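A.B. asks: Here is how the chains run, residue by residue.
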Amino acid sequence: MKKGTFDPKENYFQSRSAIGYVTRREATQADYDRIGFKSGLEVHQQLLTKYKLFCRCPAGVYNHDHEYDAELIRHMRPTLSELGEYDGTALMEFKTRKEIVYRIKNETACTYDVDDTPPFKIDSEALGIAIEISLLSRLNIVGEVHITRKQYLDGSIPTGFQRTAIIGVEGEIPLKHKKIRLIQLSLEEDACREMWDVGHQRGFKTDRLGMPLIETVTYPDCFNPDEVREACDYIRFLNRSTGKVRTGMGAGREDVNVSCRGGSRVEIKGVAHTKWIPELTHNECFRQWALLHVREMIRQRVKNPAEWKIASRVIAYNTFNFRYKPIRLAANGKNRIIAINLPGFKGVLSFFTQPGKMFADEISDRLKVIACIEKPHMCHSEEFTANISLKDWDSIRRLLKSKENDAQLVIWGPEADMPTALETVEERCRMAFEGIPNETRKSFGNGTTIFERVLPGADRMYPDTDSAPIPLEDESIEEIRKNLPSQVIDRYHQLKKWNVPEDTYHYIFSRNLYPHIERIIRELKVDPRLTGTFFGHHLKFVEGHYKKSAEFTYDKLFDLLRYIRDQHLDVRIAGDMLPVIFEHPKMDLDSVLTSIKFKKVSREEILAKVDFLIEKFRKVGRSQLPDIAIRWIMGELRGLATGNIPLRELKDEIGRKMGIAD
Amino acid sequence: MSDDIFQGYKGEALETLKKFNTRVWGQARMETTRGTFVGTILPRAENDDDKHIVLKIPTGYNIGIDIRTITSITETGYKKAVYKIPEKQFPVTPGLPKVKLLGTGGTIASRLDYRTGAVIPAFTPGELYGAVPELADICNLETEKIFAVFSENMGPRQYVALAQAIGKEIEKGVDGIVIGHGTDTLHHTGAVLTFMCQNLPIPIILVGSQRSSDRPSSDAALNLMHAMHAAGHGDIAEVMVCMFGPTSDEYGLLHKGTRVRKMHSSYRSTFRTIGDVPVARVSRKEIIPIHKKYNKRRNDRNVNIYPYFSDEVTMLYYYPGIKPDTLDSMINAGYRGIIIVGTGLGHVNKELYPALERAKAKGVHVFMTVQTIWGYVHMFVYDTGRDMMAKGVIPAGNMLPEVAWVKLSWILGQTDDPQKVRQMMFTPVNDEITLREPYNGYLVYQGGVPEVEDFIRRVHK
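Protein sequences appear in the order of chains A and B. Numbering (this note's numbering) for the first sequence: 1284 to 1945. Numbering (this note's numbering) for the second sequence: 727 to 1187.
What the hints contain is simulated information worked out from the structure, not anything from laboratory work. Wrong hints could be hidden among the right ones.
[What the hints assert, rightly or not] Here are the computed lysine-lysine pairs in the BS3-like style, where the Cα-Cα straight-line distance is at most 25 angstroms:
no., chain 1, residue 1, chain 2, residue 2
1, A, 1617, B, 1187
2, A, 1404, B, 777
3, A, 1883, A, 1839
4, A, 1780, A, 1808
5, A, 1292, A, 1608
6, A, 1292, A, 1674
7, B, 806, A, 1433
8, A, 1592, A, 1433
9, B, 1011, A, 1433
10, A, 1765, A, 1527
11, A, 1462, A, 1552
12, B, 1011, A, 1381
13, A, 1592, A, 1651
14, A, 1381, A, 1527
15, A, 1433, A, 1381
16, B, 806, B, 777
17, B, 1187, A, 1381
18, A, 1869, A, 1839
19, A, 1388, B, 1011
[Stated by the list, open to error] Listed next, the stretches of chain A that the computed footprint assigns to chain B, with coverage defined by at least 3 CB atoms under 8 angstroms from CB atoms of chain B:
no., stretch
20, 1424–1430
21, 1448–1458
22, 1464–1476
23, 1732–1739
[Stated by the list, open to error] Which residues of chain B face chain A? A partial, calculated answer using Cβ under 10 angstroms:
no., residue
24, 790
25, 795
26, 796
27, 857
28, 938
29, 939
30, 942
31, 973
32, 992
33, 1160
34, 1162
35, 1163
36, 1166
37, 1172
38, 1173
39, 1184
None of these values were measured; they are calculated from a predicted model. Here a beta-carbon is modelled for each residue, glycine too, at the ideal position from N, C-alpha and C.
Kindly produce the complete structure, drawing on both the sequences and the hints.
C.D. replies: Spelled out as C-alpha cells, the structure:
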C-alpha cells in the first residue's frame, strides 16, 4: 500500500472478501465445512421451586431496580483453585478493581445471599427436578453430589463464587438427523441481575440470586448454525416437558461455544432468544476466521513477535487541532490523552471482523471492560470517518516516529486508568500474533458480539468446604425414573404419526402442551390432527391476540373438549369458544355458548334451509358457477352450523342437493 | 507411607481402591451400573463415609462414585496436584514501619486441607505477599508462627506464650504487632493480652476473618491491611481487635480488647464494642480516633508482661429453676473462682443461696455479671441482690462476662488473697469496667421501624 492511497473502507471490504465471508442467507454447508464451524451449548434453565437453592428465601419474586431496603459493597480478590492455580479471568477481573454494589430487598434476600451466613441444606425439590432432567437427558447419575465453588469475580455473586454441583455426566439428546452428546448437567444457584456498570463501579440486585438453575452442557457436535438452534430448542423442550421449570423472560438462557478450524473456544454469553443463535454463531465463526487471517498478515510483517511492543506518548490537547467533542471534553486535569503507535498494524485496524465491526473494535471493547474507561475513548488511524484530521494524524506519526506500515491510536481517560489501558492495548495486539483470544462475548440481537471477559478455565473450581457431600441412593433415583415424562423425540414422532402439521410443534413443545393433547386424544377420542391444530393454531392465535386471565390453565381445554363431546356438538365450535374461556376461565361453558350466540339446531333444520338458499342464489348470484354458489351458501349457514354439524359434511350436503357429485 | 496413597479413604472405599489397584491422584476410568465415569481420584475427608470415591472430572468439578455400583476401575495415569500458594519475596521498603505478624492459626491466606475438608492457613511473608501484595505498601513485614490452633482451642498455655512473644518483640524494637487469630475467641484473647501486656509502647492488633481467605469475597485481606496499617502507622498503643465496621468492604473498627465481643455467628461485622464506642475507625489510608483519650505510642521499649493465668476459674450461666448442685459440683471440683452470669441486674434464684454459702466457706471467689451483656450489675436495687452480696457474691460492674472470667483467671494466677483479688478486679487495666456508660454505647436498632429502615437504606450496615 502506497502512502496516501490507503482507504480504510476499501481495506475493510477487501479483507471481508479475502476471508471468504458470506452472509448466513448465502451460506451453505460447504461454507461451514470450509471454515470448520464447530459449536456446543450450555443451556441454563431455572427450576420451578418454592425456595432458593441454599436458603429459604422465596424463588421467583422479582423487584424493580429502585425497590431496595439496603445496599452493601464488596470487592473480589482472586484466590487459588483446588489444584493451586490462579485463574486467568480471576486475575483480569482483579486488574479491573471494581467496586461492587448490591441492592437487597428483605423480602427476597437474606444474610446467606450477601454471604454473611453459610449455606443451608440444598433444596430437595430442586435436587429432585435436576435428577429427573438428568435421567431424561440419558446422563450417568453421580453416586454422591459434591458442591463445588466456581469462581466469578465479576461481582454477579456476592460470595465471589457460584455453588454448583454435577448431577450427571455423559448423556445424549437425539435431533431429527443426528445425536448430540452431553458432557454434563449441573445444579447451581442463579446470579444477581446487573443494574449498571460504569467506570469502576458495578451495581446488582439480588432478587434472582440463589434461585435453582440447571446447566446442560453439550459437546461441540453441531456443524452448522441451524443445528445449534435445533439442539438448543431440544434441550429447552426437554426441560419444559417435566412441567417443573420456570418459563418467561430470563428463565432460560444459553451460552454458545463456537470455534472455527484452527481457532479456539469462544463463549457467547447469555443469549436471550434461541432465534438469535444461528446469526450469532455464524458471525462468531467468521470473526475467528478473520482473526486467523490477521495473524498470517502480521506474522509476515513482524519478524520477531516476541520483541513487538507499542510506543506511546502523552499528548497535550492544545498542541493539536482536535475538533472531536469527546477528546475536547477529556482535556482536563484528571484525564490523559495518549497517542500510541502499533508497529506493522496498518491495515489490521480496519480489517473486517464482524458485520459493521473491525479489528480496532476488539481493542476498544477491551479498554472498556479491563481498563474501565467509558466509550468513546479511542480514535484510530483507520476510521471510516476520521475524527482526527489527517494533519493531526501526520503530526502524531511524526511524534511517535511511526513507519509506513504502522497504525496509530489516540486514547483518553482518567489518568489512574491509563497504565492498565496501555497494557490492555499491547496485550490485545500481542494476542493477534497468537490468533484468537479465549474469551466470553456478550451477544446482541443484530448477531454481533463484544468482548465480555477472559474465558475462565477449570482452575476456578474449589470444593465447598461449607457443605457435606450428598449421597444419591439407587432407590430414590429409580423412584424418579418411574414417573418420567415421555421423551421429546418420541413425542415428535407421535405428532408426525398423528398427522399434526409440523408448523405447530415449536409452539406445542415450548409450552409443554403435548401431555394435554395426548390426554384429549386418549380419553376423549378427538381426532388427533384436529386436536393438534386446535392447540398449535387456534390456541397460539388466541394467546397472541387476547388478554390471558390469570386463572386460565391449559387443563381448561380438556374440560372444553369433554363438554363438546358430552353435548354432542361438533368439535369445531371449540375454536369459537376458546377466546371467551381464555379471558374468562371461570365462566360455565353453557354461558360461553350463549355469549358466542350459539343456538342448538338439528341437522335437519339446517339442511332444510339449503334448498331455499340454492333458490335464492339463483336470483342474486352474479355468477352461477357451482363452486361460488356453495361458498355463498356456506357463508350464510356457517354461524348456524358451527358446532351443530361438521362443516365438511354441510358442504357435501349442499353439493349433493345441487346435483354435483363428489 | 502406604496410607498416603489412599489419603482419607477407609473401610469399604479403601478396600475398593486396593481391589482395583488404584490410588489417590490416579487418573481413572470407572465402569459402574450407572455408566462410565472418568477423572482423577481425589483424597477424601476423614469424616465422610466409606461408601464413595471422589473423582475430579475433566471439567474441574468433583463428584462422588458409589462403590457399590463400581464394576471395574482402570488407572490410566497418575498426576499429583501440588497445592502451593505462590511465594514472592516480601519487599523491604526503607521508611516503612516494621510490623511483626504473630500467627496462632487464623485464616489469612489459606489452602485446602483434605484431612478435614476445611482450610488451613498460609502464613509466611512470601505467601502473604503472594496473596495480598498491597501489604508491601503498608509496612515491612516479618512473621512468626507461635502455634497453630483453632480459635476454640486457645487456652492458658497459648495465652502465656503469646504474651511472652509480644514482650520479646517489643524489646527487639518492632513498630507494631499484628496477631492473626481465629475469630471465635478473639475477644477472650483481646482481654487476656490487655491484662498480661501493660504499659505498651506500640499497638498490638488482633485480627481474623469471618469468611476464609479461600473465597474471593473474604474479609481477610482487607482486615489484614487495616490491621497492618493500625499496627505500623497508628498512634494508639493498646491491645485492640481490628475487624469490619459494616458488613461492606469499607472500613474497619478498632475495639478495645476488654470491651469487644463477637455478636453474630457469621456476619463480617460481628465484633462490636459493648457499653462504649470503638477506639477508632481504620481504612487503608487513615486512622480516625473516636475516643479522645487513649494510650499513645512511645519510643521506649518498656513494657510490663504479667504472664499469669489460672485454669481454676469457671462460669455459670444462670437459668430459671437452676439447682444448687450445678454450683456445688464446681466447688467440689476445686474451682477457685466462679463468674456467675445472672439475669437482669445480676440475680440468681434463692435455691442457689446455700451453695453460695458453701462457696464462701471454701474461699471460692464468686463474681456476678449480667446476661443482658449491656449494662451494669446493680445488686443494691433488690433485697435479693443484697442477700447475695452478704453471701460473698461480688458485683463485677459492667465487665463483660467473658472478660470477668479472663480477668479473674489472670488474677488467680498471681494471688489468692481475697482482698487483693477484689482490689485487682475493681482496678481497671483498660476500661474493662467503665465509670460511666455513654448513651451511644448501647445500640441495637430494631428493623421494621421506619426511621431505622430509612437509615439502613442510606447507610451501609
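A.B. asks: Can you list which hints this structure breaks, lowest number first?
C.D. replies: 1, 8, 9, 14, 19, 23, 33, 34, 35, 36, 37
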